[in-house]
Each structure stands twice: as C-alpha cells, then as structure tokens.
Amino acid sequence: MKHGCLIILALSLIIAGCKEIVDPNEPTGFLQIKGSDTMVNAVQMVSEEFMKKYPHVFVAVTGGGSGVGIASLINKTCNIAAASREMKPKEIEMANKRGVLPKEIVVAFDGVAVVVNSKNPIDRLTISDLHKIFTGEIKNWSELGGKTLSIVTLSREVSSGTYEYFKEEVVRLGDKKSKKEFSPQTLLLTSSQAIVEEVSNNESAIGYMGMGYTSNRTKALMVSKNSEYYPPDVENVQKRTYPLSRPLYFYTNGEPEGITKLFIDFTLSPKGQEQFKETGFVPLKTDATEKN
Amino acid sequence: MLQKKISEYIIETLIKLSGLIVIGFVFLIFIFLLKDSLSLFGVYNISSFLFGTHWEPVSEPPKFGVIPLLVGSVYVTLIAILICVPIGVGTAMFIAEVAPPSIKHVLKASVEILASIPSVVLGFIGITWLGPFLKTTFYLPTGMCGLTGSLLLSFMALPTIISISEDAIVGVPKNYKEAAYGLGATRWQALWRIILPAASSGIIAAIMLGVGRVIGETMVVLMVTGNSPVIPASILQPLRTLTATVAGEMGETVSGSDHYFALFAVGLVLFIITFLVNFSAESFLRRARK
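These protein sequence lines are chains A and B, in that order. Going by this note's numbering, the first sequence opens with residue 1, and the numbers climb by one from there. Going by this note's numbering, the second sequence opens with residue 1, and the numbers climb by one from there.
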C-alpha cells in the first residue's frame, strides 16, 4: 500500500510537471502534417524554424507519400497534407462525401530529376526515350548509345505523388486517356533515399525523384521535350523550361484557420521559402529569398 | 482454509479467463479480416482475385490479382528455409550433443542476440551491403532481388529453428543414446541414426515455426526485394511479397475504398497461410511430446 501511494504521488508530479504556464495570447496546439516523401525534409525544416518562433506549437511531420497524406486528410487524421501532385477528382469526391473540403495551396516548385549512376556515359535523354525505358520498350543501354548493360528501372511505390506525376507525364506522355503502365519489371522502392542508394551502387539503374534528393552520388540527366535539353536546376524549373517541372502543394480541410493558417503563412513567408531553397527546391518567387 | 479456497478459485478463474481472451482475440481478428475482405468480393470477382496474375491497384480499372504476391512470398520463404534448415539443425545438434559447456554457453547467448537484431537493421545491411555484393557476385542487373530477402530472412528464422530443435534433441531419452553406444555405435552414428530420428517431430515443428516467422516478416522484404509485382521466373529477380504489399500500400488507401478492402483480403490470405503453418507445427510438436 505504501508503494502504491508513492507511485500515485510520483505520477501526479509527472503529470503536473507537464503543465506549463503559457501566455494566453501565445498560439498553442498540435499540428500533424503528413504526406509527400519528396517534401518531407523541406517541411521538417520549415516546422523546426516554425517551432523556434512559436515554441508552444508542436508540429509533427511524417512522410509516406502524397497518397498517404491525402488519404489521411480524407480520414481526418492530419491537419495538413503535403502532396507533390494534385488531388485526383476521385479523391476530391471521396473527401466531399466525408465532409472534407480540400483547399489547395501551392508552396514551392520542384523538378523531377531523372538520375543514373555516375559511371553511365549517358547524360541527356528525351521524354520519349524515358517513356520507352520505363514502359520496357528499350531494354538495353546500348540502344541509347551507352554500354551494353540491361536497364534496371527504379520507381517509387504507388503511394508516391512523384510516381503518379511520372506516370502521367512520362509513361502516359500526358495523355489522360492512356492506359499505359510502368513496365512490370520496374522495381518499386519505398523512398527516394532507397533510389539514391540503388542508383549510386548500380551502373545499369535509372530512377527518378524530386530534385531535392540529387547529389554528387548520382548523375541527374538533362531532359528535353522538343529540342533543347535542360538540367533540373532552380533556374530551369522557375522558367518552366525543364520539362518535368511541377508545383508542390499543401492541402487543408476547408480554409486554413488557427495554427494551421499560422503554419501555412509561415511556409509562404521568406523564412519558410528559404527552407525549401536550402533543401534543393525552388521557392515560389525568385526574389523572395534573395532579400534576406 | 476457506480463504485459501476462495483465493484459489479467483486465481483459477483469472487464468482461465486470460486463456479464453487470447482465443477470443484470434477469433475476432479472423472475423475482422473476413468482414472487410468480403466487402471486396462484393465488387470484385473472387476468382480474379485468387487467380489473377496482375496486381495494379491504382490503375483504372484496378487489378487485384494475388498470384504474383503469393508466388513471391512462397519463393522467398522456400529459399530462406532451404538455406536456414541445414545450418539451424546443424547448430542445434552441435549445441545439444557435441559442444563442450563453455562453447555451448557462448553459442546459446549469440543465438539469442541474433534473435534480438531488429529487422530494419537487417534491411539496412541488405540495401547497403548484401544487395550490391550479390549483384557483383552473380552479375545481376540489380541486387534488389528475392535472394537478398531470402538470405536475410533465413538469418531471422535461425534463432527459432535452433532453439526449438535443440530442445527436441535434448528431450530425447538418455537411454536411447546409451543403448546405441552399448551396441558399439560411434558418436556420429548415434547422433545421426538414433537421436535425430527420435527428435524429428520436434525438428519439423521448429522448421514450421521458422516458416511462419519468415512468411510473416515484412520490413526486410519491403526494403530489399525490389517489390516488382511480377511472377518471378527465378529467385534472382525482384519480387513482391504479400506482407510488403500490405505494408507498402496501406497508408495511402482511403478506408472504405476497394483498394483498402483488397489489402484486407491479402491480409486474410496471409493469415490463413500462417494459421495452417502454425497449426501443423503444433500438431508435430504434440506428436513429439508423446
């Protein structure tokens, strides 16, 4: 019995210790952000800066893929869904059915980089080459003027927004009616980092991911749609000359309010945009980060 | 006296209750899986689920063919068991009959440590070291293949197989061995011809439990097998298992969608397989005890 009393005393002290006296005007609360693996590092950095400014708001950022974020927005298990693709009409319909009204906010831009091993002699490809590679029409690097090695295509899992984007733009060449799929031999990896690992170890691999994940361990290809080849860099994504450029989104349920709005305003502020630039993405405005 | 009786009664009831609760849980899980799987079969043909050879859950229209996943799981499990049974049973024989006490202790401790390695860590080793190693050794296009998964899984099943087989071997009555020696058998002859057959039910049970462990393992296969939903022609190709499919896709499905129910159906298939495997292991164990 004595021990029981002691335990209860200790527990109540612990619980009491958690309560802190907070200025009532300070924003407090808990924000759950889920979704895009492409954006997870950038959003994590934004949230760390945000928590420095508003120490009583706790922000949790989880990845898993844009599909995961959108699904949990529909299931009402997150406040903000980060997505590297637009919501599909079917998803919006499903959300509306559950009383969720998704509101879309563009937070940054990204180029989907196509990467190969640094030993691969090829440094540029057209969209139609990529289409043939990822649908399995071209199976050997020699057909493109490279070494005689069979091509290993790497993709993200089906929950990834980058997967959906790449399927729309490359596998289906932007044709909404197309039913083309990735070649079934394509490896589906669980994260962009896994693609980096495999490409840096494997001379015959080709993969894709958000430009924030490019580094000197892999080689990002120059891509052309019509005639000119452009590398996936800040300038070409901003000018939209790089053919695989896309916006990155936040989705909220209805108009953002309270701390959700606070967070989104912070993300769109120069300080927030700077984090996107630092993690390798392209901020919304050219001059927004240069002023700092 | 009365107090003793009452307390005994209470304890007995509590124990009985906890036993019943466990059975109840298993039953409820089964009902739960069955209920959500049946929702899929309302909109999707059950035979195209069971015999379909394409798993394309986010296409229009979606295809939920479980065969590639099933074949992937069976392939990985089979090879993993082929690798770990000789090693596991050999180690168990060594620990139980041959090793001197000092080595025995070290070995037993290290087997326990092996059991405590988190599967994610094995997955890391697979991605960064084992995969590239297999790729260069077998001249593969990629190291993300079934064999990488099998090797790591056999690692994970080893502790189960070793400790249960060892128990079975130690449990063989002493007089069997003494009789064999008395007839002039060498140590190897006694071990191979007498003790091993006598312990066979226990060893088979150990193998079955190993199979159950391997087929249900998720993280490692999700990380290293490449996850292509094709029917693999060989173990050196990328493949996708049942568990990896559920783990990889569950997060993005909206609860109540067809895809969501399809994953429950995959879970049901997995549950039935592990149930059968564990059931047969249990019946072998029971025979071993007789």
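None of these hints come from the bench; they were simulated from the model. Be aware that a few hints might be false.
Stated by the list, open to error - Below, a list of computed lysine to any residue pairs in the SDA-like style, where the Cα atoms sit at most 20 Å apart:
no., chain 1, residue 1, chain 2, residue 2
1, A, K277, A, G258
2, A, K90, B, G52
3, A, K119, B, T128
4, A, K180, B, T128
5, A, K97, B, H259
6, A, K179, B, N278
7, B, K63, A, E181
8, B, K63, A, P184
9, B, K63, A, G99
To be verified - Not everything, but these chain B residues come out facing chain A in the computed CB check (under 8 Å):
no., residue
10, P132
11, G226
12, V230
Since we're looking at a predicted model, the values are computed, not measured. Think of the CB as a built atom: it goes at the ideal place given N, C-alpha and C, for glycine as much as any other residue.
* Asked: Which of the numbered hints are not met once you compare them with the structure shown?
  -> When the structure is compared with the hints, numbers 1, 2, 4, 6, 9 turn out to be violated.
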